[in-house]
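In case you want the letters, here they are:
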Amino acid sequence: MREMIRRFGPGLGGFFLALVALWIIGMVLAPNLMMLNFSLKPNLFPADIGGPKDVYTVSNYTALFGDSVHRSIFLKTVWGSALVMLATLAITYPLAFWMAKVASLRGARAMLTLLIIPFWINEVLRTLAWFIILSFNGPLNAFLLGLGLIDAPVRWQGDFGVLAGMVYAYILFMLFPIYNSISTLETAQLEAAKNLGASGLRIHWRIVIPHAKAGIATGCVFTFMLAAGSYVAPALLGSPGSRWFTEIIYNWFFEGGNWNRGAAYALILLVLCMAVVMVTLKLFRVNLADVAK
Amino acid sequence: MSKPRPVTPLDRLSRALPKLLFAAYLTLFLAYLFLPLVIMSAATFNTSKFPTVTPWLGTTLGWFQELWNDAAMWKALWLSLGIGLAVVAFALPVGTAAALFLTSLNARARGIFYAVMVSPLLTPGVAIGIATLILWRQAGIAGGTFLIVLAQATFITAYVMLMVVARLQRFDRTQEEAALGLGASKGLIFRRILLPFLKPALIAAGFIAFLQSFENYNTTLFVRGTDTPLTVYIATKVRTGLTPAVNALALILIALTLVTALVMELNRRRKEG
Amino acid sequence: MSHSVELIDVEQAFGDVKAVHHFSAHIAGGEFFSILGPSGCGKTTLLRLIAGFTEPTKGRVRIGDKDMAGIPADRRPTAMIFQSLALFPLMPVWENIAFGLEARGVAKAQRRKRAEELLDLIALPGYGDRMVHELSGGQRQRVAIARALAVEPQVLLLDEPLSALDLKLRQHMRAELRALQKRTGVTFIYITHDQSEALAMSDRVAVMSAGILQQIATPQELYANPATPFTARFVGETNDLTGTLRGLEAGLATIATTAGRFTGRTGLGLEDGGRATIFIRPESMSLSRIEMPNSLSAKAVSLEYEGAVAILRAVSDHGQELLATIPNRNLADAPQPGEQIWLSFAPQEALVLADA
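Protein chains in written order, with our numbering: chain Y, 1 to 293; chain D, 1001 to 1273; chain S, 2001 to 2356.
Please note that a few of the clues may not be correct.
[Unchecked claim] Below, in silico cross-link-like pairs of lysine to aspartate or glutamate (DMTMM-like), each with a Cα-Cα straight-line distance of 20 Å or less: (1) Lys-1271(D) with Glu-2152(S); (2) Lys-1019(D) with Glu-191(Y); (3) Lys-1237(D) with Asp-67(Y); (4) Lys-1199(D) with Glu-2095(S); (5) Lys-2113(S) with Glu-2152(S); (6) Lys-76(Y) with Asp-159(Y); (7) Lys-2108(S) with Glu-2152(S); (8) Lys-101(Y) with Glu-186(Y); (9) Lys-101(Y) with Glu-191(Y); (10) Lys-41(Y) with Asp-67(Y).
Hints are computed from structural coordinates only; laboratory data are not their basis. Bear in mind that the values here come from a model prediction, so they are computed numbers and not experimental data.
Based on the provided sequences and hints, a complete structural model is requested.
Right, dumping it as structure tokens:
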């Protein structure tokens, strides 16, 4: 604090401190604390607020585990997000390695530019593209029918559509961090390992992956968090049978009219994501500063 | 010592196999990444009322016309642009202040504040939207453009902060002392020394911040009230009456992205070359 | 006449660590004053204190008879040249030079004109529109000086500004700095760990060790009459023999060491019977083949030819390393390595100082 004033003077320094306080207190801490407070209150009529019924309760949280439909949707969201995370990791790792260590500098750079393009295109549009592809009379069914692989159009939308759309939408959040961390690996280390007779798999397992762990952890954290918190893909590519946890939260707010319960569900989602972040970082022995790069 | 075996065609295949497999993988990967965008763009030119490329009913440019005449789209576009600019105007100074604040702290305090400041990036977007919505309802302010800007800025500021911190790490603080020793006021030092140094990072951060805002859907959905920015407009269209006019919009945005990516790449090459 | 600088019992502590202890000095206006000491001795702290980047924990700093307490760096009549130079990389040369004037609200045309004048002064005319990274090390050095001079400081503070330059350029810049100081008449306070730099340029030198002032004197005085053992060892080469003081008379002191008894001039703080050291410069050592008064028996180890002189390295019979310079004209008489010799000195050319 004092350092800020000393460095920028009372006017500018004070202004900066005020901006930081506005952000941290007014936009990060206060809303979350208010959400927490809200989630611990029952859903009351305005008249009852402040009255005898206005007490703290954990019923909004226990409700999730009491309701078998919500519970199974929650578990499916966790499981589905983990699946998205693993799928993107498996799909992107070879490419990340190739770009970082095998391709020529020009090749890697051209690939990078190429990949940035879909990355910049908005998630809604990327999902829309899959909506078109997967639609009942769409290109995928037409293609498979044409090849004779299926006899009748398949209804892709649903769980499959949601996961496919998410993998597509978040794939680059996995690719870039892994690519960045592998690029800092000395090529000489790979050559040394090869020279010592290590097989390709062993080189990856013992040298590349340990070196790239911060990148892998970052990619995993972000894809999981984005998938679990996704709303577009389930809304556009899902079916009534494939609801995602964010859709339940949305319903509490804008259809069910129970904001308190919605807040509790949103907090459960938030805690889930934070827990995944913490566990992943612990598991990979990475600190936060390495993730947010 | 055994004599080397003659090289059989099978050996040659097994040696080439990893390369072939990788080439196949790369082709599939690129197809997976770009084919959806190509199909979506191509559907713009199909006369079919539902956007698709199968069957191809006839080629038309009519959907651009329809998009052009869609007042709701224009309204959503202007709203999104306005929100994006407002978010940039907020996130740039606040993110810069936060970065400067972080660098002024000792290691322990820095760790704590850093965790708090990056937490919005690790929070699901819907939770940010909901938290903002709930807080401001207490003040009697309902969802709408104002809350969209605030909620988006909550996490976009963190991006700006990270980019400015990265640049600040290369700043030589003795420059500030030198300027101070020459009689410069704190304000002048900031304006003439620090700000010019941060400029490249601020331009990049402003660009990223705008893009993040323009693309945002999850957070926006919860705080939008009855306002409809472009992403919400598109998502609503998909569910209530999708026509290839939306594809026309997508095509234009993709084209803009391509041009921007190309310009930036050329710019980078020119700087390096 | 430029301002004088007075440091009165100045002390600076960082937490529990005292970087500067009870430092007092009076630096006259227009003087070229150096502060010499090994790295980490607190000399940079002292300079930053004068510049106003830090306030002393105790004591006072006066510039031009004005107490500087509470006056921030940007209000002091000083300008500082940093070790890293700290030129502004995003501004062209002329804006760098004129930055102090910009801070004082001088109009642009006038700033430009003054920058051009200073560029002439530092012999870089026409370099105004170059960027800093286009300049050589020596040119940057000069721009940093011009930038500091542009604000017409009363006192110029220089923090080892030549340390990044190569030897040849460093020697050239020494002369240039000295000439510039004479021409401008500004008070220079120059910090260095390089004794030859300090001796070559300064009117007076302060020697500092571990935050403590050892001595303030002219370069000649410093070399001839060091006040403390630290100064004797730090400034120039020296031979030293430690023992117990055995007799003080008529300005001469005799000490008994394991290598024998030696007599030299009396220095500060001597007490009969106390521990003391006698210091003899290598050029005061004379070589002989027979025993003389005030002499040491030693074995020649090596002879390093340096042009004007040669340096003889020898080891005394008690295992102490000794140095002696042999002038060129006596080189024919120089001992062979391994030869047994005597090294003697005149009492007037040796100095006895009490051990700290």
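>> Flag every earlier hint the structure violates by its number, smallest first.
In response: Hints 1 and 3 contradicted; others consistent.
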